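Protein chains in written order, with the numbering used here: chain A, 1 to 259; chain B, 1 to 269.
Please keep in mind that the hints were generated in silico from the structure rather than gathered at the bench. All values derive from a computational prediction rather than experimental measurement. Hints are supplied without guarantee of correctness; some may be wrong.
As the list claims (entries may be wrong) - Under 10 Å between C-beta atoms, here's a sample of chain A residues computed to sit facing chain B:
hint, residue
1, Tyr73
2, Thr160
3, Pro164
4, Thr194
5, Lys204
6, Ile210
7, Val222
Unchecked claim - If you want the footprint, here are the derived chain A segments under chain B, 3+ residues with CB under 8 Å:
hint, segment
8, 213-221
9, 232-243
All C-beta atoms in this analysis are idealised placements derived from N, C-alpha and C, irrespective of residue type, glycine included.
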Amino acid sequence: MEKFSPVGEKEVTRAIVAEFAKQFEDYVESDCIIIGAGPSGLMAGRNLAKTGKKVLIVERNNYIGGGFWIGGYLMNKVTVRHPAERILDELGVPYKKVTDGLFAADGPHACSKLIASACDSGVKFANMTVFEDLVLKEGGRVCGAVINWTPVSALPREITCVDPVAIESAIVIDATGHDAQVVKKLEERGLIKTKGFGAMWVEKSEDLVIEHTGEVHPGLIVTGMAVSTTYGLPRMGPTFGAMLLSGEVAAKVALEKLG
Amino acid sequence: MKARRIEKVILYDEGVAETLNIPEVAEYVRGKLGEAEVELRGNPFALYPDRISDYARKLASIKIHDVSSKMVPERNPLYGEIQYEKRRITGETRSFGVLYDGLYLQSIFSELIPDDERSIGFVHIFLTNRLFATWDDNDKRYHSRVGVYGVCSAISTTGLVEAPAKPREYYLLKQRYEMLGREPSELNDRFKGRFIDYDDERLTEVMKGYVMQAVFYTLIGTPFCEDKGCRLYNAHWQEELLFAQLESEYEFCQRHSDFLVKEVISENR
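Bound-form chain A, shown alone (with noise of 0.2 Å):
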C-alpha cells in the first residue's frame, strides 16, 4: 500500500489557515458577490466567471445549491422546459424527455454539475457565511455587502456579539430566492418597495422571470426566485428552466454594467 506523507496536525491546520486567509484576504474586492448559491446564483456566478471576472458567491449555508438537488415534495427529480434543456447540454447533464417541452433529470446531478462548472470556471464561495447588510455609496449605489459567519447569527446575541466584516464588489446579485433578501434590504431604507409574489401561475411565471431579471437599483442585479418577490410575480411551480435562465440573463446585465 502506498503510504500517506508524513504532515503532521500542524501543518494540515496551517494549510487551511493560509489557504483561506488568502482568498479571504483577495476577495474582499471583486467585480461581483453573488448572494446565494443556488441554481440562478451558480448559473450567474459561472458565466461571469468564464470571461474572467472576479466573482465570489456568498452562501449560509454549508452545503451549495440550494433547492437544485431536490425536484419537489422532497423528490430528488429535478425539471426545465425547453428552452433551458440547452443549460442541461452544455452542463452535460443526461436528462430525459417528459412530454413535449418538458425534461427530468436527476437533481443531484444536476446540481453537482452546475457547482463544478461554477468552481471550473473560477468562482470562489464563502459558505457558512450569512449576508447582513448592503455596503452603499454615492448616491446610494450599492458597492459590496456585510457578512458574518452563520453560527454567529444563529447563536444568542448575548453570548455572541461579533461584529460582521464588509466586502465590496463593482456589483452585487441578489440571488437568495422567496427571501429576495438583498433587494429587503433597501426596501428597510426606503429604498425600494417590493411587490411580495402573485399567485402561482406556473405556465406563464417563467417567462416573467427572465423578463424582469436586470438591475433593480444602481449596483445591484435581482435573479431568480428572488425576481418574483420584488416585482410581485406569479409564483412559480417546482421547476428550474427559469432559475438557469434567469442566472444567465443576470451574468450578461452584470457583464454590459463591468464592461
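Since chain A is already given, all that's left is putting chain B on it; use the hints.
Same frame as chain A, but now just chain B:
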C-alpha cells in the same frame, strides 16, 4: 332598438396570440356590418414613438398584485417593471403573465385613439394578449375578463384561455399535481378540446364572436345576450364559450340576427 351608424371598425394588434388571424376576423366583421369599413392597425403604441416611456410607466402602474385587494395605481413603479413594459410596447417581447386592472388598461388604450376618430361612429377594438381583470364589489375581489367594452374595447386572447372557468375536474387535478410537484401542463392533453388553450387553432373563430360583442356595445349599448347559443352570450365557463362560439346551431339569436340584417346592414349599405 335603433342602431347607431358605424363609420369604421378599427382593430389594433397589441401583441395577440400568434395563432389569431386578425385579417380573418376583420373580414368576418365586414360581412356582418354590410361592408362597413374595417381597418387593421398594428401596434397602437407605434403611433406615439416619443411617448413610449410615458406609456410604459402608466402600464407598469396598473398591475394587480392581490386579487382580493382593490388596486390603486402605483405612483412609483420599479425601474424593471417600466423596462419590461417598454419591451412589450416596442414588440421586443410578447411574453405575458402580468395581471392588469381592465378599466385602467382600457383608459390607457383610449388615450391612443387619434383625435379625428373619437366620434361615436368609430369602433376601436384593441386585441391584446395582456390579461386583465375587473373589481367586483359584491365579492370584493378581481375577476379576470375576456373583454372590457366601451368607447374603446379591449379583448384579450389570454383572457379567452384564463377567464372562463375550465371544467371543475381540471382544477381539482391541477391542485393535486402542484402538490406532488408534477407539471400541471400535462393536464392539457387530458382535457384537450374542452377549453381554449394558448395558440389554439379555434382562437380566430372564437374571437369573431367577442369582436361582435364590442361592435354591439357601440350599436346598442350592451354587448351581451342571454341566449346561450348566441355569440353575444357572456360565457363564464369554457364549455359555455365553446358552445356559444363554435357548437351552437346558429350564430346569433333571432333577435340579434334580425337586428343585424334590418338595422345594421341596411343602414350601412
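We went through each hint and held it up to the structure:
{"no.": "1", "hint": "Tyr73", "result": "holds, 5 Å"}
{"no.": "2", "hint": "Thr160", "result": "violated, 36 Å"}
{"no.": "3", "hint": "Pro164", "result": "violated, 28 Å"}
{"no.": "4", "hint": "Thr194", "result": "holds, 8 Å"}
{"no.": "5", "hint": "Lys204", "result": "holds, 3 Å"}
{"no.": "6", "hint": "Ile210", "result": "holds, 8 Å"}
{"no.": "7", "hint": "Val222", "result": "holds, 8 Å"}
{"no.": "8", "hint": "213-221", "result": "holds (count 4)"}
{"no.": "9", "hint": "232-243", "result": "holds (count 6)"}
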